[in-house]
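Q: Protein chains in written order, with this note's numbering: chain A, 1 to 329; chain B, 1 to 161.
Be a bit skeptical, because a hint or two may be false.
Computed list of chain A residues with no C-beta within reach of chain B, every gap over 12 Å [what the hints assert, rightly or not]: (1) ASP31; (2) LEU106; (3) SER279.
Here are the simulated distance ranges between beta carbons [claimed, not checked]: (4) B:ARG17 - A:VAL116: 40 to 50 Å; (5) B:GLU112 - A:ASP301: 37 to 47 Å; (6) A:LYS287 - B:GLU127: 21 to 31 Å; (7) A:GLN254 - B:PRO145: 40 to 50 Å.
These are computed hints drawn from the structure, not numbers from a lab.
Predicted model only: the values in this text are computed from it and were never measured.
No residue lacks a Cβ here, since even glycine has one placed at the ideal position from N, Cα and C.
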Amino acid sequence: MREKPKVAFYWCASCGGCEEAVVDLAEAVLDVLSAVDIVFWPVALDFKRQHIEAMAERSMLATFLNGAIRTTEQEEMAHLLRSRSKLLVALGSCSHLGGIPGLANLFDRESILQSVYRESPSTINDGGVFPSLRHKDNGHTVELPGFYQTVRSLNQVVDVDYYIPGCPPTPRIIRTALQTLLGEDLPRKGTVLAPDHALCDECPRKNTRPDNLSLAEFKRPHQLQIDEQKCLLAQGLLCMGPATRAGCEAPCVQGNMPCTGCCGPTSRVKDQGAKILSSLAVLVQGKEEDEIDRELDGIPDPVGTFYRYSVPSSLLRRRVQAKAAANPR
Amino acid sequence: MPDSNSSPEMPAPQGQRFEPRIVAFFCNWCTYLAADLAGTARLKYAPNTRVVRVMCSGRVDPQFVLDAFAHGADGVLLGGCHPGDCHYQEGNCKALRRYRLLRRTLQQMGIEEDRCRLEWVSAAEAERFRWVMNDMVERVRALGPLHLQPGEEVFDEEVAV
């Protein structure tokens with residue numbers, strides 16, 4: 001019998017939703033199992049890091065890695081899995097674009113650690129424990145991963161072959177991507193394995209969008225009774241559909257909520273947030289500064305809205321740090 | 001400032017003074033013509049600005065501005081026709097809307113508001129053009145260089161206690 005191709009699944013800075021998404025393949029997961037041999041999957045199987053280290057270079061067909069890179073350990077694992085795999089696939093928004101953990105790039109490491117270990121109202125830390133690289137206990141020393149200043153997407157750390165977008169990727173996107181990767185004709189390196197057009201194109205409400213859309217204000221979902229048929233943008237909601245890649249079949253819109261942009265930009269856009277900013281800003285009616293500013297007050301958190309999943313992969317990559325904070329000590 | 005320099009050439013950097021790098025996007029019909037007029041009138045102004053001519057300020061994609069910052073600009077200046085004067089009816093109005101939202105976004109990303117500026121300068125306003133160019137440079141000079149992360153070294157700072 002021909003040996004089945006080996007694959008690995010690994011997670012870094014992520015919530016675990018992408019692991020869930022693999023399980024959500026339901027019966028199709030059996031097809032996956034009959035086609036490949038899973039040799040490493042810390043969430044589900046008991047193989048360890050040394051099993052991967054013992055493998056020859058490029059001996060696995062593919063590693064599916066979800067999660068952004070935040071710690072030294074995650075970076076090491078990304079390099080290790082990269083070297084053992086023919087293909088490295090970024091699975092989900094965090095490894096593709098930086099994802100929700102990437103919003104931490106609006107803060108610096110010190111303030112994050114201070115907040116978590118000292119300042120937050122729910123923190124009880126009587127011993128004043130604070131993360132360190134080495135810890136001594138009972139004569140034993142343990143080494144712990146370092147916490148980087150900045151969250152990175154996977155391709156900012158290692159070479160990535162393909163991307164599976166979504167937070168999490170829908171079962172259909174994953175299934176199609178797996179079929180593509182197991183097939184004969186591999187797409188060009190760097191391809192995002194989803195259609196390369198905007199979500200509006202496959203939106204069920206596409207035909208209700210007026211040609212000349214103009215808005216007196218932006219609203220948030222709790223501020224109105226949302227019409228279940230009409231284009232969400234036309235109702236004044238901040239829908240990221242125009243600047244987001246299709247492929248998910250718009251489950252959020254079908255659930256009567258605006259798109260948040262998890263599938264990232266299409267191939268022709270460098271910076272998803274700037275693009276949606278550009279297209280939404282011109283929808284307001286004001287012609288004078290004051291009027292425009294008033295209308296834009298309906299967008300209280302522009303970065304969190306436009307770059308919800310893509311701060312690390314945006315052109316600026318993180319909040320600019322004051323010189324002193326950029327070079328502590 | 002440059003007026004005090006008697007040489008018609010680019011003024012040499014004076015000592016350790018920080019010379020900001022400014023990228024400007026000027027509309028073909030107004031601000032770019034104002035620059036031309038300033039040139040023919042031999043007006044002197046700060047030489048720190050690299051100008052990109054666009055057909056309309058409404059053509060300036062916010063990505064252009066961010067890309068300029070990402071590539072080392074300390075400031076970005078946008079120039080268009082006065083409201084009501086747009087060659088394409090309301091391109092400048094769209095530019096203004098984008099700019100107002102971009103400002104808020106940049107502020108969240110830690111970029112001071114004086115680093116990105118939109119000014120209306122008509123083809124006849126050479127003197128105003130000079131003032132805008134000099135004022136932009138002075139304000140950015142006062143802010144100092146933009147500390148965008150220069151490279152990968154910032155990722156190498158680990159927890160050290």
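Q: Now, for every hint given, state plainly whether the structure supports it.
A: Hints versus structure:
With a closest Cβ-Cβ approach of about 39 Å to chain B, A:ASP31 is found to remain outside the 12 Å limit, as its non-interface label requires. For A:LEU106, the requirement that its beta carbon stay farther than 12 Å from each beta carbon of chain B is not met, with the minimum near 7 Å. Its beta-carbon lying about 9 Å from the closest one in chain B, A:SER279 breaks the requirement of being farther than 12 Å from that chain. Hint check: B:ARG17 to A:VAL116, Cβ distance near 42 Å, so the stated range 40 to 50 Å holds.
For the hinted restraint 37 to 47 Å between B:GLU112 and A:ASP301, the CB-CB distance of approximately 19 Å leaves it violated. Between A:LYS287 and B:GLU127 the C-beta distance comes to about 26 Å, which sits within the given range of 21 to 31 Å. The given range of 40 to 50 Å is respected by A:GLN254 and B:PRO145, whose C-beta atoms sit roughly 48 Å from each other.
Checked against the numbered hints listed earlier, the structure breaks hints 2, 3 and 5; every other hint is satisfied.
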